[in-house]
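Participant: If you're matching them up, the sequences are chains B and Z in order. Per this note's numbering, the first sequence starts with residue 87, numbered consecutively. Per this note's numbering, the second sequence starts with residue 2, numbered consecutively.
Hints were generated in silico from the structure; no laboratory data involved. Bear in mind the structure is a predicted one, so any value in this text is a computation, not a measurement. Virtual Cβ for every residue (Gly too), placed ideally from N, Cα, C. There's no promise every hint is true.
Stated by the list, open to error - Listed next, the in silico BS3-like pairs over lysine-lysine satisfying Cα-Cα at most 30 angstroms (straight line):
1. Z:K26 x B:K227
2. B:K172 x Z:K26
3. Z:K26 x B:K185
4. Z:K26 x B:K377
5. B:K172 x Z:K51
6. B:K143 x B:K157
7. B:K158 x B:K275
8. Z:K51 x B:K275
9. B:K185 x B:K255
10. B:K154 x B:K223
What the hints assert, rightly or not - A short, non-exhaustive set of chain B residues, derived as facing chain Z with CB atoms under 10 angstroms:
11. Q113
12. R115
13. K172
14. A233
15. A459
16. D461
17. I463
18. N464
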Amino acid sequence: MREQYNTERPLIMHIDLNSCFATVEQQARPMLRNRPVVIVNRRTESTSIVTASYEAKAFGVKVGMRVKDAKKLVPGLIVLESDPAKYRYVYHKMMSIMKRYSPHITMKSIDEGAIDFSLTTDIIRNRDLVDVGHEMKLRLKEEIGRAMRCNVGISTNRFLAKTAASLHKPDGLDIIDHSNLRLVFATLKLTDLTGIAGRNERRLNAVGIYTPLEFLDTNAHILHAMVFKSILGEQWYQRLRGYEVDDVTHELKTIGRQYVLEDRNLPHVAILQRLHHLCESVGARLRSQGKRARGVLVYAKTTERGYWHARHMCDLPFFSDGAIYAQASMLFAGVPAGIYEIGVSCYELSDSVDDQLSLFGDQLAREQQVTEAIDAINKRFGDRTIHVADTLGTGSHVKQKIPFGSTRYL
Amino acid sequence: MDDETFLNERIEVLASFGEGLNPCKPLRFRRVSGREVAISEIGLRYPTNKGMRTVHVFDVTDGGADYRLEFDTERLTWYLTREADHYA
Numbered sequence: 087m088r089e090q091y092n093t094e095r096p097l098i099m100h101i102d103l104n105s106c107f108a109t110v111e112q113q114a115r116p117m118l119r120n121r122p123v124v125i126v127n128r129r130t131e132s133t134s135i136v137t138a139s140y141e142a143k144a145f146g147v148k149v150g151m152r153v154k155d156a157k158k159l160v161p162g163l164i165v166l167e168s169d170p171a172k173y174r175y176v177y178h179k180m181m182s183i184m185k186r187y188s189p190h191i192t193m194k195s196i197d198e199g200a201i202d203f204s205l206t207t208d209i210i211r212n213r214d215l216v217d218v219g220h221e222m223k224l225r226l227k228e229e230i231g232r233a234m235r236c237n238v239g240i241s242t243n244r245f246l247a248k249t250a251a252s253l254h255k256p257d258g259l260d261i262i263d264h265s266n267l268r269l270v271f272a273t274l275k276l277t278d279l280t281g282i283a284g285r286n287e288r289r290l291n292a293v294g295i296y297t298p299l300e301f302l303d304t305n306a307h308i309l310h311a312m313v314f315k316s317i318l319g320e321q322w323y324q325r326l327r328g329y330e331v332d333d334v335t336h337e338l339k340t341i342g343r344q345y346v347l348e349d350r351n352l353p354h355v356a357i358l359q360r361l362h363h364l365c366e367s368v369g370a371r372l373r374s375q376g377k378r379a380r381g382v383l384v385y386a387k388t389t390e391r392g393y394w395h396a397r398h399m400c401d402l403p404f405f406s407d408g409a410i411y412a413q414a415s416m417l418f419a420g421v422p423a424g425i426y427e428i429g430v431s432c433y434e435l436s437d438s439v440d441d442q443l444s445l446f447g448d449q450l451a452r453e454q455q456v457t458e459a460i461d462a463i464n465k466r467f468g469d470r471t472i473h474v475a476d477t478l479g480t481g482s483h484v485k486q487k488i489p490f491g492s493t494r495y496l
Numbered sequence: 002m003d004d005e006t007f008l009n010e011r012i013e014v015l016a017s018f019g020e021g022l023n024p025c026k027p028l029r030f031r032r033v034s035g036r037e038v039a040i041s042e043i044g045l046r047y048p049t050n051k052g053m054r055t056v057h058v059f060d061v062t063d064g065g066a067d068y069r070l071e072f073d074t075e076r077l078t079w080y081l082t083r084e085a086d087h088y089a
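Based on the sequences and whatever the hints tell you, model everything.
Facilitator: Right, dumping it as structure tokens:
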């Protein structure tokens with residue numbers, strides 16, 4: 087089996103900021119350093135933790151845990167509300183440092199990215215990448231601050247580079263290649279592999295695969311026919327051996343936003359106002375990407391019935407906040423009682439330039455001009471300088487948060 | 002949970018403008034009450050946008066509390082917008 091591993095020189099570097107938001111706060115606020123800190127999106131006892139510092143993690147605090155439960159583990163826990171502008175700045179600094187080594191970088195989320203050294207200049211490519219990794223750690227400290235730390239992983243593909251970056255947290259630097267692949271896999275659990283959790287773990291367990299080494303030693307046919315029942319089986323076979331299958335860009339298919347209600351006993355009118363606010367936010371994102379949409383989906387999570395949703399598809403594409411809200415509010419008429427979370431998204435996206443001429447051309451042109459004027463004013467004077475009166479009081483509740491897993495709006 | 006004080010206090014700031022990655026360094030500031038605070042470390046400096054206006058945010062400490070100062074590059078004003086001293 088060994089000869090099937092990718093034996094090429096590892097030229098993919100994965101960079102991962104450690105406990106990103108908590109580390110940035112500890113950098114920004116020196117009094118927080120070496121203290122248990124967690125970041126939340128809202129200052130309530132029942133909210134979930136977005137990021138925990140290593141000091142908090144040492145007490146057993148985990149991402150997703152509720153603040154009140156974390157406080158039982160760490161009585162002196164410091165709880166901070168997320169500060170998107172700060173994290174956005176660090177993201178852009180990290181990206182600018184990475185771009186000095188190669189124009190071919192992929193930011194996977196706000197706190198991690200990969201550099202492909204195979205497509206950069208010979209001078210950089212011929213350097214020892216371990217030295218480059220240490221240099222990047224140093225630059226992060228020099229250009230952002232001395233409390234900043236990152237994990238660096240180097241391998242032949244993105245998957246193994248990310249795995250390498252997770253081996254020695256915090257501040258690690260590791261290489262995985264064909265010579266140590268089996269040794270590294272022998273130290274890991276199945277769920278340590280990115281993409282293996284929950285359902286995929288159960289699928290593997292069902293055919294007797296319980297460790298990364300057993301996963302590695304399973305042939306592509308079994309992975310296809312018995313485990314993943316699709317091309318994903320072959321992809322996993324290649325991925326585990328260090329061949330690149332993840333260098334793909336995903337087309338933007340939906341744009342949406344959700345909100346957990348600040349109070350479960352809000353009257354329906356107040357919930358609609360928050361939905362309206364979400365529609366304004368989704369509309370701004372839609373237009374910022376140069377897109378229009380034809381479909382609107384609204385959903386709600388309820389304590390009684392779980393997940394509820396409704397959707398509607400239009401014949402013609404739309405772009406304005408008003409058009410999105412008109413459909414969302416109509417769909418929302420059927421929402422069940424006892425809501426604690428709402429969301430709205432647009433789908434069936436197309437580029438703004440692809441408009442087909444409409445019989446209602448004048449009306450559409452007027453709507454477009456008004457929308458563009460409002461967007462221009464908001465860009466000039468700040469978000470939500472102009473918005474509908476219906477959402478006048480919602481801004482203090484429905485705040486802009488950092489989107490995980492997407493870097494489109496950073 | 003409410004361990005920070007959010008402010009909008011106009012302050013006087015003594016700052017140096019030099020070279021390097023962070024050429025502007027606030028050194029000390031005087032609050033409306035007259036109290037002077039000597040800055041011992043700048044934790045992070047980052048720009049934010051209020052519309053087209055750039056406002057530089059400085060998260061700083063005097064060793065006893067953390068402060069947030071905001072410098073408006075268009076209006077050339079400094080504001081103290083946050084104070085946190087809950088860590089003792």
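Participant: Decide, hint by hint, whether the structure agrees.
Facilitator: For each hint, the structure was consulted:
1. A distance of roughly 18 angstroms separates the Cα atoms of K26 of chain Z and K227 of chain B; the hinted pair therefore holds under the 30 angstroms criterion.
2. Between the alpha carbons of K172 of chain B and K26 of chain Z the distance comes to roughly 18 angstroms, so the proposed pair stays at or under 30 angstroms and holds.
3. About 27 angstroms separates the Cα atoms of K26 of chain Z and K185 of chain B, which keeps this hinted pair within 30 angstroms; it holds.
4. Restraint check: the Cα-Cα separation between K26 of chain Z and K377 of chain B comes to about 42 angstroms, which exceeds 30 angstroms; the hinted pair is violated.
5. Note on K172 of chain B and K51 of chain Z: the hinted pairing holds, with a Cα-Cα distance of about 14 angstroms set against a maximum of 30 angstroms.
6. For the proposed pair K143 of chain B and K157 of chain B, the alpha carbon gap of about 12 angstroms is at most 30 angstroms, so the pair holds.
7. Taken as a hint, the K158 of chain B and K275 of chain B pair is honoured in the structure, with Cα atoms around 29 angstroms apart against an allowance of 30 angstroms.
8. Proximity of K51 of chain Z to K275 of chain B is assessed by CA-CA distance (about 47 angstroms); at most 30 angstroms being required, the pair is judged violated.
9. With a C-alpha separation of about 24 angstroms, the suggested pair K185 of chain B and K255 of chain B falls inside the 30 angstroms cut-off, and the hint holds.
10. As the CA atoms of K154 of chain B and K223 of chain B are separated by approximately 35 angstroms, the hinted pair breaks the 30 angstroms bound.
11. A hinted interface residue such as Q113 of chain B counts as satisfied when its beta carbon comes closer than 10 angstroms to some beta carbon of chain Z; here the least separation is about 6 angstroms, so the hint holds.
12. Nearest Cβ of chain Z to the Cβ of R115 of chain B: about 4 angstroms, under the 10 angstroms cut. The hint holds.
13. A hinted interface residue such as K172 of chain B counts as satisfied when its beta carbon comes closer than 10 angstroms to some beta carbon of chain Z; here the least separation is about 6 angstroms, so the hint holds.
14. Using the Cβ-Cβ criterion of 10 angstroms, the hint placing A233 of chain B at the interface with chain Z is satisfied: the shortest such distance is roughly 8 angstroms.
15. Because the beta carbon of A459 of chain B sits about 15 angstroms from the nearest beta carbon in chain Z, more than 10 angstroms, this interface hint is broken.
16. The interface hint given for D461 of chain B is broken, as the beta carbon of that residue sits about 12 angstroms from the closest beta carbon of chain Z, more than 10 angstroms.
17. At about 9 angstroms, the closest approach between the beta carbon of I463 of chain B and any beta carbon in chain Z falls short of 10 angstroms, and the interface hint on this residue holds.
18. The beta carbon of N464 of chain B comes within 8 angstroms of a beta carbon in chain Z, closer than 10 angstroms, and the hint placing it at the interface holds.
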